[in-house]
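Engineer: Chains as they are written, first to last, in this note's numbering: chain A, 1 to 193; chain B, 1 to 193.
Because the hints were derived from the structure by calculation, they are not lab data.
Do not take every clue at face value.
As the list makes no split between identical chains, a pair holds if one copy fits it or if it spans any two.
Lysine to aspartate or glutamate pairs mimicking EDC-like chemistry, simulated, CA-CA at most 20 Å apart [unchecked claim]:
(1) Lys15 <-> Glu161
(2) Lys191 <-> Glu138
(3) Lys185 <-> Glu139
(4) Lys89 <-> Glu3
(5) Lys185 <-> Glu138
(6) Lys91 <-> Glu69
Note that the coordinates shown come from a computational prediction; the quantities given were computed from them, not determined experimentally.
There are 2 protein chains.
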Amino acid sequence: MLENLNRYNIILASKSPRRQELLKGIGLPFSVMTKDVDESYSSDMPVFDVAPFLSYKKAKAFEDKELPENYMVITADTVVIVGDAILGKPKDYEDACNMLRLISGKKHSVVTGVTVHTKEKTKTFSATSKVSFETLDEEEIKYYVETYRPYDKAGSYGIQEWIGYVGVNSVEGSYFNVMGLPTQKLYQILKRF
Amino acid sequence: MLENLNRYNIILASKSPRRQELLKGIGLPFSVMTKDVDESYSSDMPVFDVAPFLSYKKAKAFEDKELPENYMVITADTVVIVGDAILGKPKDYEDACNMLRLISGKKHSVVTGVTVHTKEKTKTFSATSKVSFETLDEEEIKYYVETYRPYDKAGSYGIQEWIGYVGVNSVEGSYFNVMGLPTQKLYQILKRF
Chain A
1 MLENLNRYNI ILASKSPRRQ ELLKGIGLPF SVMTKDVDES YSSDMPVFDV
51 APFLSYKKAK AFEDKELPEN YMVITADTVV IVGDAILGKP KDYEDACNML
101 RLISGKKHSV VTGVTVHTKE KTKTFSATSK VSFETLDEEE IKYYVETYRP
151 YDKAGSYGIQ EWIGYVGVNS VEGSYFNVMG LPTQKLYQIL KRF
Chain B
1 MLENLNRYNI ILASKSPRRQ ELLKGIGLPF SVMTKDVDES YSSDMPVFDV
51 APFLSYKKAK AFEDKELPEN YMVITADTVV IVGDAILGKP KDYEDACNML
101 RLISGKKHSV VTGVTVHTKE KTKTFSATSK VSFETLDEEE IKYYVETYRP
151 YDKAGSYGIQ EWIGYVGVNS VEGSYFNVMG LPTQKLYQIL KRF
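Here chain A stands alone, though its shape is the one from the complex:
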């Protein structure tokens, strides 16, 4: 599958072990290389544009002039959106608990932006999934944060962890997108790249 990509050395520019696992799931060989990128964005940017914008910024950190012909860079950024607010990674224990209190008992959006970048072509897209949480009680929130320490996770939760098993009623859209990579959409784009 994806023999059309055989001419490329594929680089996933993400430290996230979840994203590495998801790209593996598609069946593509790749290596991992990351660059430090300033992840700021304009405060008046529409919230649904932030994740694709940041994925584009991460891809452009691989300067065209230093990118060899046969390299393809894949970057991604995931944000959790509640109402008009973006939830990033929690600063500390209390911040993590507060984020979970915010998403408890309601539906929020998870947007992953992805950029596929070669010397000739750059393609950015995004996918949105809606996640409904059951009402979480204080005991559940504290148990989860203490046990799973979700400090590297936007919105303070991993859907593939205990909180996802017991707290998520329903997903509308791609489950893997909530984990950090919209694998099906990425596969379709790579097939036609």
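With chain A fixed as given, assemble chain B onto it according to the hints.
Structural biologist: Here is chain B on its own, set in the frame of chain A:
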């Protein structure tokens, strides 16, 4: 969590490694014991009733008189429904490919029925998720069946395998339910058992 169940020895009556993994995800200690059960059902049974009916039958195979006071048995059955037809496990290679051709490019339902059974109480419920598949081409169908041999899977696919990564557009409902156990609904029922 679920300290209310400490008085029970919990038995998961399922050979499925996926279900064992999902029940582990809830954080409950359990052991596995299965009984042979006749999995037939009346041909005029409404298709959405079949999975809960079969889970009930599997639970009742643990006769009340032999079930000790402090035991809780959890059973489950998952079916794939396309239109009015139930897709079971495929008989052979050709049957598996035909099932995938049938679900390609459309939406189907996955119903998991669950029964929680103790000497005093038996509770049966079910959860339905809708799964949308992208159009799969013949090369993808054959590659999947040859590589993943989905002969133990209702509908001939595992959503957590390659075909799920590249072929599933969208799930409405619980993702874990599609894998074989509606963990969130089960957790809520166990909390109040």
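Engineer: Next, verify each hint and record whether it holds.
Structural biologist: Checked hints:
no.: 1; hint: Lys15 <-> Glu161; in the structure: within (19 Å within a copy, 23 Å between copies)
no.: 2; hint: Lys191 <-> Glu138; in the structure: between (46 Å within a copy, 15 Å between copies)
no.: 3; hint: Lys185 <-> Glu139; in the structure: between (37 Å within a copy, 18 Å between copies)
no.: 4; hint: Lys89 <-> Glu3; in the structure: neither (37 Å within a copy, 31 Å between copies)
no.: 5; hint: Lys185 <-> Glu138; in the structure: between (37 Å within a copy, 19 Å between copies)
no.: 6; hint: Lys91 <-> Glu69; in the structure: neither (40 Å within a copy, 48 Å between copies)
Checked against the numbered hints above, the structure breaks hints 4 and 6 and satisfies the rest.
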